[in-house]
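For reference, the chains in residue letters:
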Amino acid sequence: MSFVLWIPLVGPLAFAGLSLLLRGSAHRRFVGVAASSAVLVSGLLLVSAVLDGAVLESGGGMLRADALSAYMLSVVGAVGLISTWGGLSSAASSRTRDAAGYEALIALFLAAMSLAVLADSIGLMWAAVEATTIATAFLVGHHRTRRSLEAAWKYVILGSVGVAIALLGIVLIYAASVGTDTPTLSWVLLSQADLGLDPALITAGGALAVLGFATKSGLAPMHSWLPDAHSQAPAPVSGLMSGVLLSVALYAILRVQSITNLVIGPEFLRAMLSIGGLLSLLVAASLLICQRDYKRMLAYSSIEHMGLMAIGVAIGPAALPSVLLYILGHGLIKATLFVISGRILKVEGTPVISDVRALLVRRPGLAVPWLIAMAAIVGFPPFSIFFSEVGIIMAGWSVGLGGVVGAALVLLLVIFAAFTRLTVQMTIGAPPDGAAFTPDYSAHGPRLPIILALATTATIAFVAEPVGILLLQATAVLGGTK
Amino acid sequence: MFETFYPQLIGLCTGALLLTSALMVWRHSLLASIRLLALQGAALAALVAVIGIAEGESELVLVSLLILSVKGVGLPWVLAHQSKASIKQIQESPRLNPTAALLAVTLLTILSYVVVSRVFGLGDSETGHAAPIGLAMVLIGFLLLISRRRARSQLIGFLLLDNGIATIAFLTSGGVPILLEFAVSLDVLLVVLILHVFAGRMRTKFGGTAVDQLRELHD
Numbered sequence: 006m007s008f009v010l011w012i013p014l015v016g017p018l019a020f021a022g023l024s025l026l027l028r029g030s031a032h033r034r035f036v037g038v039a040a041s042s043a044v045l046v047s048g049l050l051l052v053s054a055v056l057d058g059a060v061l062e063s064g065g066g067m068l069r070a071d072a073l074s075a076y077m078l079s080v081v082g083a084v085g086l087i088s089t090w091g092g093l094s095s096a097a098s099s100r101t102r103d104a105a106g107y108e109a110l111i112a113l114f115l116a117a118m119s120l121a122v123l124a125d126s127i128g129l130m131w132a133a134v135e136a137t138t139i140a141t142a143f144l145v146g147h148h149r150t151r152r153s154l155e156a157a158w159k160y161v162i163l164g165s166v167g168v169a170i171a172l173l174g175i176v177l178i179y180a181a182s183v184g185t186d187t188p189t190l191s192w193v194l195l196s197q198a199d200l201g202l203d204p205a206l207i208t209a210g211g212a213l214a215v216l217g218f219a220t221k222s223g224l225a226p227m228h229s230w231l232p233d234a235h236s237q238a239p240a241p242v243s244g245l246m247s248g249v250l251l252s253v254a255l256y257a258i259l260r261v262q263s264i265t266n267l268v269i270g271p272e273f274l275r276a277m278l279s280i281g282g283l284l285s286l287l288v289a290a291s292l293l294i295c296q297r298d299y300k301r302m303l304a305y306s307s308i309e310h311m312g313l314m315a316i317g318v319a320i321g322p323a324a325l326p327s328v329l330l331y332i333l334g335h336g337l338i339k340a341t342l343f344v345i346s347g348r349i350l351k352v353e354g355t356p357v358i359s360d361v362r363a364l365l366v367r368r369p370g371l372a373v374p375w376l377i378a379m380a381a382i383v384g385f386p387p388f389s390i391f392f393s394e395v396g397i398i399m400a401g402w403s404v405g406l407g408g409v410v411g412a413a414l415v416l417l418l419v420i421f422a423a424f425t426r427l428t429v430q431m432t433i434g435a436p437p438d439g440a441a442f443t444p445d446y447s448a449h450g451p452r453l454p455i456i457l458a459l460a461t462t463a464t465i466a467f468v469a470e471p472v473g474i475l476l477l478q479a480t481a482v483l484g485g486t487k
Numbered sequence: 004m005f006e007t008f009y010p011q012l013i014g015l016c017t018g019a020l021l022l023t024s025a026l027m028v029w030r031h032s033l034l035a036s037i038r039l040l041a042l043q044g045a046a047l048a049a050l051v052a053v054i055g056i057a058e059g060e061s062e063l064v065l066v067s068l069l070i071l072s073v074k075g076v077g078l079p080w081v082l083a084h085q086s087k088a089s090i091k092q093i094q095e096s097p098r099l100n101p102t103a104a105l106l107a108v109t110l111l112t113i114l115s116y117v118v119v120s121r122v123f124g125l126g127d128s129e130t131g132h133a134a135p136i137g138l139a140m141v142l143i144g145f146l147l148l149i150s151r152r153r154a155r156s157q158l159i160g161f162l163l164l165d166n167g168i169a170t171i172a173f174l175t176s177g178g179v180p181i182l183l184e185f186a187v188s189l190d191v192l193l194v195v196l197i198l199h200v201f202a203g204r205m206r207t208k209f210g211g212t213a214v215d216q217l218r219e220l221h222d
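From first to last, the protein sequence lines stand for chains L and A.
Positions 6 to 487 (the numbering used here) are the ones given, in order, by the first sequence.
Positions 4 to 222 (the numbering used here) are the ones given, in order, by the second sequence.
What the hints contain is simulated information worked out from the structure, not anything from laboratory work.
Among the hints, erroneous ones may be present.
[Stated by the list, open to error] If you anchor each label on the Cβ, the simulated ranges turn out as follows:
hint, chain 1, residue 1, chain 2, residue 2, range
1, L, 354, A, 222, 19 to 29 Å
2, A, 206, L, 359, 31 to 41 Å
3, A, 64, L, 460, 51 to 61 Å
4, A, 210, L, 31, 33 to 43 Å
5, A, 65, L, 470, 46 to 56 Å
[To be verified] With the C-beta cut set under 8 Å, the calculated list includes, among others, these residues of chain L facing chain A:
hint, residue
6, 132
7, 135
8, 146
9, 151
10, 152
11, 159
12, 173
13, 180
14, 206
[What the hints assert, rightly or not] Below are the DSSO-like pairs computed for lysine-lysine, each with C-alpha atoms no more than 30 Å apart in a straight line:
hint, chain 1, residue 1, chain 2, residue 2
15, L, 351, A, 208
16, A, 208, L, 159
17, L, 351, L, 159
Even glycine gets a Cβ: it sits at the ideal position worked out from N, Cα and C.
Let the hints inform the model, and build the full structure from the sequences given.
In structure tokens:
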């Protein structure tokens, strides 16, 4: 059964090769979908193995799938599927040479994220996170305009420097383990209670590693690359980056936290992550109020949600099931929104909010899913983001972080108001006077991925068996008890 | 015989690392910076080889060869890979004048000695005593990243930062596992290649590689 661990790595790589080999074939456009499906199927197989009580290992303990890894892998696959399927390019445009590289890089990107969540060594996890930057660099710069070049440059410089800081942290954590009997980077070994790691090195190493991965997960004040990169990349890439790459970096923070908690207690990282989370919410709130570009609006929304997730991580085990559910809900909805935003951009030809008016009357085929997904992202029930947010806030009160979650709640209200105003501006209203038009019911792309994503997020919070059990098991992994 | 030379060799190699870092801040010509980077890569490889021989680990000697080929030869070659005539003319006009920059380098070096000795203690090994050099290199790398205007000069700052991290790794724990060392080298090489391509595209799109021109995207 351990071979399943290799499918999400080898599968996408094979599809990437195939994309480069299939010269001028229109089938090439399905490479991203096929690679995501491979990741999703292996993720679900690993989840079922975990629910049966098995923790699979392979490659001499290099790859490992406990409940958390299996869950994250499924999220990567699911968000990947929605993004690539929803953003499927037309047969004509997929024959060019650019398209071959594009599809191959998407597949490599998926493989890198899979490796990041399956690696047992925090060193290998680091290398995989850095590989995601490498794979996405040309995807962000895909349009080759001045703006996308600027976004790509900032993204690669800030992303690599951030991740280099994380490497420094990992080096220090390794130095701490060299003082013990078993020098190791395996986080399973490092998160054992009686290893006797040097607290000073672990404090410095943990802080640097979290700071570095926080850059990659878009937390303020290291967020400045995110709105540029996510707004300039092609829609499916934005969906993948916003929906799941940020969460993969958050996963890295969770793993580092499980090591530092045992040695120095939770207070230190709790303070760091609470400040980062609140700052992210503040940045998102202040820049969303008068946002003019709808793709940037979605990017700031990601900063907001990552900020709240960081607060959840700071709160600790009481909030972690909500955070994990949040990762899935946010990923699916954000991918959906980016896919629809790509379609709006294509038919309307402008990313400016005030230029897109009365969408509901003119193009109901796009406006209706856009409105539903917007309602989900600002946290209306029955979508799972609502339950995650409530769960994190309640957990915050219960562990005595009332001040932090109170401030977060106020900022969430501001963001809610800003989002509502911007969405209403885009969708509601009468079309310009006198202009004759026929309502456009076309979805301008596959409808099914959008319906699937919305239906999943609307129902998943009510499925206690097996989702709830899986989330509790994943939380137990981070507590070091399993 | 080797034991008597060992502390001096460690001192020599780390001294060369710090000196090349300071010179990179001082020199404004891109070609000079690239040559200094190559020299620094060689010094780092020598440091690793010395530690490897002292601890009798053949694996570290292998790593030192890897470092020599990537950091000493490969990366500088990629960076210098355009016509020699044009690269000679590229002069950086940094935000800091040389005197202020060298003063900053001094302060950063003192700062890293203070931080390392206060937070971790220097220990009693030769390598432990030299560890602050690595942190100083990381901080000087940041200084270059912040103060330089040209795309390729920022890239050199990034590589200095990376060399600093590698130096810390080798001085504190005798290097990370070799698999990770490979992965890190590969990642850095690819990032540099990507940024190199972007710098080329920037030249054709913007007519220059000054990063200051990148200001279309903002809120």
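Are residue 132 (chain L) and chain A close enough, Cβ to Cβ, to be under 8 Å, as the hint says? Because about 4 Å separates residue 132 (chain L) from the closest Cβ in chain A, which is inside the 8 Å limit, the hint holds.
For the pair residue 64 (chain A) and residue 460 (chain L), does the Cβ-Cβ distance stay inside 51 to 61 Å? Check passed, 59 Å falls within 51 to 61 Å.
So if I understand the rule, the pair passes when the alpha-carbon distance is 30 Å or less; does residue 351 (chain L) with residue 208 (chain A) pass? Measuring from Cα to Cα gives roughly 24 Å; hence the hint holds.
Under the criterion of a CB-CB separation shorter than 8 Å, is residue 173 (chain L) in contact with chain A as hinted? Constraint on residue 173 (chain L) satisfied, holds at 5 Å.
Confirm or reject the claim that residue 354 (chain L) and residue 222 (chain A) have a C-beta distance inside 19 to 29 Å. 22 Å, holds
When the nearest CB of chain A is found for residue 135 (chain L), is that gap smaller than 8 Å? 4 Å, holds
Does the structure keep residue 351 (chain L) and residue 159 (chain L) at a Cα separation of 30 Å or less? 25 Å, holds
When the nearest CB of chain A is found for residue 206 (chain L), is that gap smaller than 8 Å? For residue 206 (chain L), the interface hint holds, since the closest Cβ of chain A sits about 6 Å away, which is under 8 Å.
Chain A contact restraint for residue 146 (chain L) - C-beta distance below 8 Å: Holds: closest Cβ of chain A sits about 7 Å from residue 146 (chain L), inside 8 Å.
Given a cut of 8 Å on the nearest C-beta pair, is the interface hint for residue 180 (chain L) held or broken against chain A? Holds. Min distance 4 Å.
For the hint on residue 159 (chain L), just tell me whether its beta-carbon gets within less than 8 Å of chain A. Where the cut-off is 8 Å and the nearest Cβ of chain A is about 7 Å from residue 159 (chain L), the hint holds.
Classify the hint on residue 152 (chain L) as holds or violated, based on whether any CB of chain A lies nearer than 8 Å to its CB. 5 Å, holds
Comparing the model with each numbered hint stated earlier shows that all of them hold.
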